[in-house]
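**Student:** Listed below, chain by chain, are the residues.
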Amino acid sequence: MKKLLLSSALVISFAFYVFISSLRPSSALVATAQDAVQASASSSPIPTASTPVAAAHTPPKAPVAAPAPAIKKKPLKAAPSRSLSASAAPASGTAGAQLATAAQASSGRYKDGTYTGPATDAYFGTVQVQATISDGDLSNVAFLQYPSDRRTSQQINSQAMPALKSEAISAQSAKVDIVSGATQTSQAFIQSLRGALAQAAN
Amino acid sequence: MKQTRILMGMPIAIEIVEELSAANRTAADKEQISVDIDSVFEYFRYVDQTFSTYKDSSEIMRINRGELALAEASPDVREIFALAEQTKAETDGYFDIVNRAGIYDPSGIVKGWAIRNAAGILAKAGYADYFVDAGGDIQARGRNSLGKPWSVGITDPFNERQIVKVVHPGDRGVATSGTYIRGQHIYDPKNKAGEIADIVSLTVIGPDVYDADRLATAAFAMGKSGIDFIEKLPGFEGYLIDAGGTATMTGGFEKFTRHAPI
Chain A
1 MKKLLLSSAL VISFAFYVFI SSLRPSSALV ATAQDAVQAS ASSSPIPTAS TPVAAAHTPP
61 KAPVAAPAPA IKKKPLKAAP SRSLSASAAP ASGTAGAQLA TAAQASSGRY KDGTYTGPAT
121 DAYFGTVQVQ ATISDGDLSN VAFLQYPSDR RTSQQINSQA MPALKSEAIS AQSAKVDIVS
181 GATQTSQAFI QSLRGALAQA AN
Chain B
203 MKQTRILMGM PIAIEIVEEL SAANRTAADK EQISVDIDSV FEYFRYVDQT FSTYKDSSEI
263 MRINRGELAL AEASPDVREI FALAEQTKAE TDGYFDIVNR AGIYDPSGIV KGWAIRNAAG
323 ILAKAGYADY FVDAGGDIQA RGRNSLGKPW SVGITDPFNE RQIVKVVHPG DRGVATSGTY
383 IRGQHIYDPK NKAGEIADIV SLTVIGPDVY DADRLATAAF AMGKSGIDFI EKLPGFEGYL
443 IDAGGTATMT GGFEKFTRHA PI
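Protein chains in written order, with my numbering: chain A, 1 to 202; chain B, 203 to 464.
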């Protein structure tokens, strides 16, 4: 009976210790994974201003690195595997290779991260975009370069415009003499964005 | 006779309709049409030399570098700056040729202004049926080679090979402003099903292409409210397409979509 109580106390204490350690980033139990992620972040050669998504996800819980206890006091959720993969990635190599390793487990169409497209000629200037992928999908597109200034839209408190009419656009089969549409700037934007997404593609 | 060349970084198309009684036309007449089309392309080349922010030697870049004072610039450059100031005042600052790098970039007004002048060259040469199309901004006059009113197709912002609207602008100018995103974000990843506020294309039909171009540029900067701006302007009609593929048109726009021209 005493042995049973003592063993239970030890096991419970240990489980409690694991639980507490998983909550504190500085705990010795998760130190290995943490240090590796920090090292990876500082040595990352990704040429964009934003921190690589992988390194930003410093996991408070990283039980994969810890010896897995048989008894779970509280279910310990596995950290996103991309952050641990980043820790295992070699420090040298191109940004693309780093990101490729970092997002191996990502199941989306694109690998998470930030990608810069080529600076593309739009005649009156250059267009360059930076695409951010989150959860495998495009979540943000930022202009690094753009030919002409566009003021950010201000809320215009316009009166109701009953004369305005809306419709869904639909393809017209008629032949026309002349075409009015996408400008060079738009095409340059698409090219730069495609360049960024090509780097991100799985 | 129709010719297209890439100038100013965009395709520029010019068509002059030869009289339908072509049999009477001599070789000299056809030669004259070719020469007149060349003159118009030559004019666009001059505009490029003067206003291109890509050319170090252009007047606009010399002004940007402080090598040339505006007061000493050519009449055309001074005219553009004056027109830009006027447009800025008329659009409450939504039109501004100073770009985000702090550099003068008058492309949002030079294009329409140049097309208007180019059409003027052809009018002065005595032609009644022609069009000038520079990068999707258009000035047409008269009728096409089949004797029908000129038809203009608005391209699908999501598929440039398709047309989503056909208009017959008559002698009015047509300009389409557009990019695929405006500002920094295309949508909120936390609310993907939510309303996408951005617009991708705005076509303006106005008295001439100069007015249509500068006001389409200003209105586009206003986002969805841009169509309200055009609605309030007498003599202008617009067709706005948002990032979700919904179009909003001004009250009088449909008079251009019927087959009979105005």
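A few of these clues could be false.
[Stated by the list, open to error] The calculated EDC-like cross-link candidates involving lysine to aspartate or glutamate, where the alpha carbons are at most 20 angstroms apart (straight line), are:
id : chain 1 : residue 1 : chain 2 : residue 2
1  : B       : 426       : A       : 167
2  : B       : 257       : A       : 167
3  : B       : 257       : B       : 244
4  : B       : 290       : B       : 278
5  : A       : 175       : B       : 456
6  : B       : 457       : B       : 373
7  : B       : 232       : B       : 250
8  : A       : 165       : B       : 410
9  : B       : 204       : B       : 240
10 : B       : 204       : B       : 292
11 : B       : 232       : B       : 269
12 : B       : 204       : B       : 220
13 : B       : 426       : B       : 373
14 : B       : 426       : B       : 292
15 : A       : 175       : B       : 362
16 : B       : 457       : A       : 167
17 : B       : 326       : B       : 220
18 : B       : 257       : B       : 238
[Said to hold, decoys possible] Far from chain B, some chain A residues (derived; all Cβ distances over 12 angstroms):
id : residue
19 : 3
20 : 4
21 : 166
Everything labelled a hint here was simulated from the structure, so no lab data went into it.
Where is the CB? At the ideal position from N, CA and C, for every residue including glycine.
**Student:** Each hint needs a verdict: does it hold in this structure or not?
**Tutor:** So, going through the hints one by one against the coordinates:
1. 426(B) with 167(A): Status holds; Cα separation ~15 angstroms.
2. 257(B) with 167(A): Cα-Cα ~42 angstroms, so violated.
3. 257(B) with 244(B): Status holds; Cα separation ~17 angstroms.
4. 290(B) with 278(B): Measuring from Cα to Cα gives roughly 18 angstroms; hence the hint holds.
5. 175(A) with 456(B): Holds, because 19 angstroms separates the two Cα atoms, which is no more than 20 angstroms.
6. 457(B) with 373(B): Holds, because 14 angstroms separates the two Cα atoms, which is no more than 20 angstroms.
7. 232(B) with 250(B): 28 angstroms, violated
8. 165(A) with 410(B): 24 angstroms, violated
9. 204(B) with 240(B): 11 angstroms, holds
10. 204(B) with 292(B): The given pair, whose Cα atoms are some 36 angstroms apart, is violated under the 20 angstroms limit.
11. 232(B) with 269(B): 45 angstroms, violated
12. 204(B) with 220(B): 10 angstroms, holds
13. 426(B) with 373(B): Violated, at about 27 angstroms.
14. 426(B) with 292(B): Distance ~19 angstroms between residue 426(B) and residue 292(B) Cα, so the pair holds.
15. 175(A) with 362(B): 14 angstroms, holds
16. 457(B) with 167(A): The hint holds at about 16 angstroms.
17. 326(B) with 220(B): 16 angstroms, holds
18. 257(B) with 238(B): Violated, because 26 angstroms separates the two Cα atoms, which is more than 20 angstroms.
19. 3: 54 angstroms, holds
20. 4: 51 angstroms, holds
21. 166: Per Cβ check, residue 166(A) is inside 12 angstroms of chain B; nearest 5 angstroms; violated.
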